[in-house]
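**Student:** Given next are the chains, with one letter for each unit.
Number of protein chains: 2
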Amino acid sequence: MEANNHGMEPLRDGVRRGDEQSLLQSIEHLHPADAAEKLAQLTPQEVARCVEIIGAERALAVFEFLPFEIQKEALSFLGRETLGRLITLMRPDERADLVEELDESFRERLLSLLIQAERQNLLKLLTYPEDSAGAYMTTDYALLRAHTSVRQALDELRLQAPKKETIYYAYVVDAHRRLIGIVSLRDLIMARPDSLVDDIMYRNVISVHVDQDIEEVAQEMVHYDFLAMPVVDGEGRLVGIITYDDIFDVMTEAATEDMYLLANLDTDDKVTSSIPRSVKLRAPWLLVNLGTALVASYMVSLFSETISRFVVLASLMPLVAGLGGNAGTQSLTVVVRALALGEIKTKGTWKVVLRQAAVGWCNGALCGLVLALITYAWHRNVWLAGIMWMALILNMIVAGTLGALVPIALRKLKLDPALGSSIFVTAATDTGGYFFLLGLATLFLQEIVLHG
Amino acid sequence: MEANNHGMEPLRDGVRRGDEQSLLQSIEHLHPADAAEKLAQLTPQEVARCVEIIGAERALAVFEFLPFEIQKEALSFLGRETLGRLITLMRPDERADLVEELDESFRERLLSLLIQAERQNLLKLLTYPEDSAGAYMTTDYALLRAHTSVRQALDELRLQAPKKETIYYAYVVDAHRRLIGIVSLRDLIMARPDSLVDDIMYRNVISVHVDQDIEEVAQEMVHYDFLAMPVVDGEGRLVGIITYDDIFDVMTEAATEDMYLLANLDTDDKVTSSIPRSVKLRAPWLLVNLGTALVASYMVSLFSETISRFVVLASLMPLVAGLGGNAGTQSLTVVVRALALGEIKTKGTWKVVLRQAAVGWCNGALCGLVLALITYAWHRNVWLAGIMWMALILNMIVAGTLGALVPIALRKLKLDPALGSSIFVTAATDTGGYFFLLGLATLFLQEIVLHG
Numbered sequence: 141m142e143a144n145n146h147g148m149e150p151l152r153d154g155v156r157r158g159d160e161q162s163l164l165q166s167i168e169h170l171h172p173a174d175a176a177e178k179l180a181q182l183t184p185q186e187v188a189r190c191v192e193i194i195g196a197e198r199a200l201a202v203f204e205f206l207p208f209e210i211q212k213e214a215l216s217f218l219g220r221e222t223l224g225r226l227i228t229l230m231r232p233d234e235r236a237d238l239v240e241e242l243d244e245s246f247r248e249r250l251l252s253l254l255i256q257a258e259r260q261n262l263l264k265l266l267t268y269p270e271d272s273a274g275a276y277m278t279t280d281y282a283l284l285r286a287h288t289s290v291r292q293a294l295d296e297l298r299l300q301a302p303k304k305e306t307i308y309y310a311y312v313v314d315a316h317r318r319l320i321g322i323v324s325l326r327d328l329i330m331a332r333p334d335s336l337v338d339d340i341m342y343r344n345v346i347s348v349h350v351d352q353d354i355e356e357v358a359q360e361m362v363h364y365d366f367l368a369m370p371v372v373d374g375e376g377r378l379v380g381i382i383t384y385d386d387i388f389d390v391m392t393e394a395a396t397e398d399m400y401l402l403a404n405l406d407t408d409d410k411v412t413s414s415i416p417r418s419v420k421l422r423a424p425w426l427l428v429n430l431g432t433a434l435v436a437s438y439m440v441s442l443f444s445e446t447i448s449r450f451v452v453l454a455s456l457m458p459l460v461a462g463l464g465g466n467a468g469t470q471s472l473t474v475v476v477r478a479l480a481l482g483e484i485k486t487k488g489t490w491k492v493v494l495r496q497a498a499v500g501w502c503n504g505a506l507c508g509l510v511l512a513l514i515t516y517a518w519h520r521n522v523w524l525a526g527i528m529w530m531a532l533i534l535n536m537i538v539a540g541t542l543g544a545l546v547p548i549a550l551r552k553l554k555l556d557p558a559l560g561s562s563i564f565v566t567a568a569t570d571t572g573g574y575f576f577l578l579g580l581a582t583l584f585l586q587e588i589v590l591h592g
Numbered sequence: 141m142e143a144n145n146h147g148m149e150p151l152r153d154g155v156r157r158g159d160e161q162s163l164l165q166s167i168e169h170l171h172p173a174d175a176a177e178k179l180a181q182l183t184p185q186e187v188a189r190c191v192e193i194i195g196a197e198r199a200l201a202v203f204e205f206l207p208f209e210i211q212k213e214a215l216s217f218l219g220r221e222t223l224g225r226l227i228t229l230m231r232p233d234e235r236a237d238l239v240e241e242l243d244e245s246f247r248e249r250l251l252s253l254l255i256q257a258e259r260q261n262l263l264k265l266l267t268y269p270e271d272s273a274g275a276y277m278t279t280d281y282a283l284l285r286a287h288t289s290v291r292q293a294l295d296e297l298r299l300q301a302p303k304k305e306t307i308y309y310a311y312v313v314d315a316h317r318r319l320i321g322i323v324s325l326r327d328l329i330m331a332r333p334d335s336l337v338d339d340i341m342y343r344n345v346i347s348v349h350v351d352q353d354i355e356e357v358a359q360e361m362v363h364y365d366f367l368a369m370p371v372v373d374g375e376g377r378l379v380g381i382i383t384y385d386d387i388f389d390v391m392t393e394a395a396t397e398d399m400y401l402l403a404n405l406d407t408d409d410k411v412t413s414s415i416p417r418s419v420k421l422r423a424p425w426l427l428v429n430l431g432t433a434l435v436a437s438y439m440v441s442l443f444s445e446t447i448s449r450f451v452v453l454a455s456l457m458p459l460v461a462g463l464g465g466n467a468g469t470q471s472l473t474v475v476v477r478a479l480a481l482g483e484i485k486t487k488g489t490w491k492v493v494l495r496q497a498a499v500g501w502c503n504g505a506l507c508g509l510v511l512a513l514i515t516y517a518w519h520r521n522v523w524l525a526g527i528m529w530m531a532l533i534l535n536m537i538v539a540g541t542l543g544a545l546v547p548i549a550l551r552k553l554k555l556d557p558a559l560g561s562s563i564f565v566t567a568a569t570d571t572g573g574y575f576f577l578l579g580l581a582t583l584f585l586q587e588i589v590l591h592g
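Protein sequences, first through last, are from chains A and B. Here the first sequence stands for residues 141 to 592, where the numbers follow my numbering. Here the second sequence stands for residues 141 to 592, where the numbers follow my numbering.
Don't read these hints as lab results, they were simulated from the structure. It is possible that some hints are incorrect.
A few chain B residues that face chain A, going by a derived Cβ cut-off under 8 Å, partial list only [said to hold, decoys possible]:
| hint | residue |
| --- | --- |
| 1 | Asp237 |
| 2 | Ala275 |
| 3 | Ile415 |
No farther apart than 30 Å at their CA atoms in a straight line, the calculated lysine-lysine pairs in the BS3-like style are these [said to hold, decoys possible]:
| hint | chain 1 | residue 1 | chain 2 | residue 2 |
| --- | --- | --- | --- | --- |
| 4 | A | Lys212 | B | Lys303 |
| 5 | B | Lys178 | B | Lys304 |
| 6 | B | Lys410 | A | Lys178 |
| 7 | B | Lys554 | A | Lys410 |
| 8 | B | Lys552 | A | Lys487 |
| 9 | A | Lys491 | B | Lys264 |
| 10 | A | Lys410 | A | Lys420 |
| 11 | A | Lys487 | B | Lys554 |
| 12 | A | Lys420 | B | Lys487 |
| 13 | B | Lys178 | A | Lys487 |
| 14 | B | Lys212 | A | Lys491 |
| 15 | B | Lys178 | B | Lys303 |
| 16 | B | Lys212 | A | Lys552 |
| 17 | A | Lys554 | B | Lys410 |
| 18 | B | Lys264 | A | Lys485 |
| 19 | B | Lys304 | B | Lys264 |
| 20 | A | Lys552 | A | Lys491 |
| 21 | B | Lys487 | B | Lys552 |
| 22 | A | Lys491 | B | Lys178 |
| 23 | A | Lys485 | B | Lys420 |
| 24 | B | Lys304 | B | Lys212 |
| 25 | B | Lys212 | A | Lys485 |
| 26 | A | Lys178 | B | Lys491 |
| 27 | A | Lys485 | B | Lys178 |
| 28 | B | Lys212 | B | Lys178 |
Glycine included, each C-beta is placed from N, C-alpha and C at the ideal position.
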């Protein structure tokens, strides 16, 4: 942070004095991503002022790297003319993401500043559901016709370059805009100038549908190592492309989401969130957890007679429940991750569940033996030791089975496999652990007390 | 799976009959990544046979997409000549990753098949530590000199293209091979042909050091949206580049690793692992957990006198411990994720810990109130309700504090922030929960029993 604060004053000073030269000097030697980090420390009003001073054209690259929150607030301080130019120059996907965040009235105002074609395009992009390919794609892709020569194609790409997100892949469409081929810039510059695009283009085009889930698209792009993925509509017409940097963001968000759901957290919760906000976001999950913990608590209360006759059981309860919880979380995490990476096919699900159950059984037998030995050393009670062993095996089988079954079932229900699954699995291993231990102890109470 | 199995027979048949044409027919219309998926269902011996039949040159792209395990096993079935050609043609980074997996003797044999320069290069790549930029980079990057004209530069790239991983960025070095500029193919084709690379190249080059941690490199590439990142040695000499597709893999692995560590899992554990293997990988973690659970268990045993006088406490124990564990996991996950994404700066750590402690305190007060009301409704004991409230608040403060402190401390010790942290935090919230509840109950035993 220190390194960033250093050199903030000239920037702020430049904004205050409206000094174009000193403003440019403090950001132009930086990569736009770094300049944006610096700018993000100004107030939105100062950011807007900065855009006004250096002009929308030169501010654009930096502006697109600013966090949405700041972009959004800064917009409202911009003059009509600069606002119009900035929003027109923005990349269509960035623009749509931003406009989506705005209030209705401000959105209307922005739309009125765009020319007809851009407005149509923006309204179209806004209709795609949040996690679909359509919501992430850009409509600024390079287009070629099949019967263009390579020489002409390169000339066309040269002309298209300033407006396109990437020209490293160019897409070939027919008269109905249906995607029929792809050609890379690498292939174009390696080809003979008088050959046709048609001769060198790759025809077995892999594309995704505009409604496809973006995490699936990410999986595909990772599978193929694609730099960009074409997006088509129901008729096979090219409507956009998704580039590798979009996938960087999708992968980061998807990983955060899975980790957060496994820990019962809302994705808006950050280390930087205000205390009231974090409290508000976490409380509902904790209250759900309170509900499931009450079930476990009630289970114990059913056996208070047994516990009062042999109080050592109260201290052994956490062992069976805790180890079961841990084993359940292990199975759960392996399965959730495999589902997220598309490693579990529909046909193999039962095998996955059985395997996790078997792993639970084996580790229950193994750790249960250690636990039984410790219990015996501690309480010199062979019946108690045996019951601990048995209870742990049973609870670990529950842990492995549910750890695999719950996320797979959630996926079948078209829900996120990690959603609430850890609360459910832990509730089951807690309740199960108490039930197996105290139930067995009640059955063999005579023997335990006799040997106690 | 079905779609893949379909069409397997012609492939297997082609291998058996050594029929080049039918083999090519069953894979050449596929993207290499898909062809590799199909090939991966053959035995390594069949894969090797397939490479022999169609030749190393045509097999190369598909071979590089095969899982390491299969690549490794298939190699040993290849004839000397095909092996030599295949290993020579492979991309240097892929080759190094593969050779690293081989036994010493086979590695020697492979090295003897390479020409001197390639062998040096390979041996050099093998010296970089596992998670460093050096271990992921490729040495096949496009090089240009500053005083080349744009026309010449394009000609050079055309020549370099077949051998280079990417030509979309070209790197400009001085006579000492020090990196002095970058130029994109996009800028080159847009520039006037007679201008110099020196005039259009970008000079404020962002690069990473060859020893830098690959996850940090990934963070940088995501920050800048880079398609490729140059890697330099201690003297600023260019030694390689890391491309976006390497980062896809790094991000996937890093996310898996963090999730796995939070769930106490070894990264080699998969849904497809054999049962004995999963058991072996999970057992050590479960035994560590058994150790920490024994501490909690011992804590309860210290209060057996209190429990035997008021057995309801045994059924309330899981509530305080369970909610604390959940709150601890929430704080832990938020902090581990923020550390992984580089969102916590060294200076702000205390603020992060205090904030999580405060969130714990607030949610303890809130959920504790609900818990107290439920306890009162259930047991009609106002003292017991009050003790539950107080115990939960105290345990939630422990949860928030340790949830933040443990990963931050691990990072300070240069360990992975998620390593064992969930076992430690849960042990603390279990032990703490029992201590607070049973301790307070012992202090106020008179009052509880009187109102019970």
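**Student:** Can you verify the interface hint for B:Asp237: is its Cβ closer than 8 Å to any Cβ in chain A?
**Tutor:** Interface hint status for B:Asp237: violated (15 Å vs cutoff 8 Å).
**Student:** Given the hint that A:Lys491 pairs with B:Lys178, does the C-alpha gap stay at or below 30 Å?
**Tutor:** Distance ~22 Å between A:Lys491 and B:Lys178 Cα, so the pair holds.
**Student:** Within 30 Å, alpha carbon to alpha carbon, are B:Lys554 and A:Lys410?
**Tutor:** 23 Å, holds
**Student:** Is it true that the CA of A:Lys410 sits at most 30 Å from the CA of A:Lys420?
**Tutor:** Satisfied, since the Cα-Cα distance of roughly 13 Å is no more than 30 Å.
**Student:** Given the hint that B:Lys212 pairs with B:Lys178, does the C-alpha gap stay at or below 30 Å?
**Tutor:** Holds - the C-alpha atoms of B:Lys178 and B:Lys212 are around 17 Å apart, at most 30 Å.
**Student:** Does the structure keep B:Lys212 and A:Lys485 at a Cα separation of 30 Å or less?
**Tutor:** 26 Å, holds
**Student:** So, as I understand it, the hint says B:Ala275 touches chain A; can you test that by seeing if any CB pair is closer than 8 Å?
**Tutor:** Hint violated; B:Ala275 Cβ to chain A Cβ min 18 Å, cut 8 Å.
**Student:** Please verify whether B:Lys178 and B:Lys304 have alpha carbons no more than 30 Å apart.
**Tutor:** 27 Å, holds
**Student:** For the pair supplied as a hint, A:Lys554 and B:Lys410, is the alpha-carbon distance within the 30 Å limit?
**Tutor:** Given pair A:Lys554, B:Lys410 holds - Cα atoms ~23 Å apart, limit 30 Å.
**Student:** Is it true that the CA of B:Lys410 sits at most 30 Å from the CA of A:Lys178?
**Tutor:** 43 Å, violated
**Student:** Decide if the proposed pair is consistent with the structure: A:Lys212 and B:Lys303, CA atoms, cutoff 30 Å inclusive.
**Tutor:** The hint is violated at about 45 Å.
**Student:** For the pair supplied as a hint, B:Lys264 and A:Lys485, is the alpha-carbon distance within the 30 Å limit?
**Tutor:** Given that 30 Å is the threshold and the Cα spacing comes to 40 Å, the pair is violated.
Violated hints for the displayed structure, listed by number in ascending order: 1, 2, 4, 6, 8, 9, 11, 16, 18.
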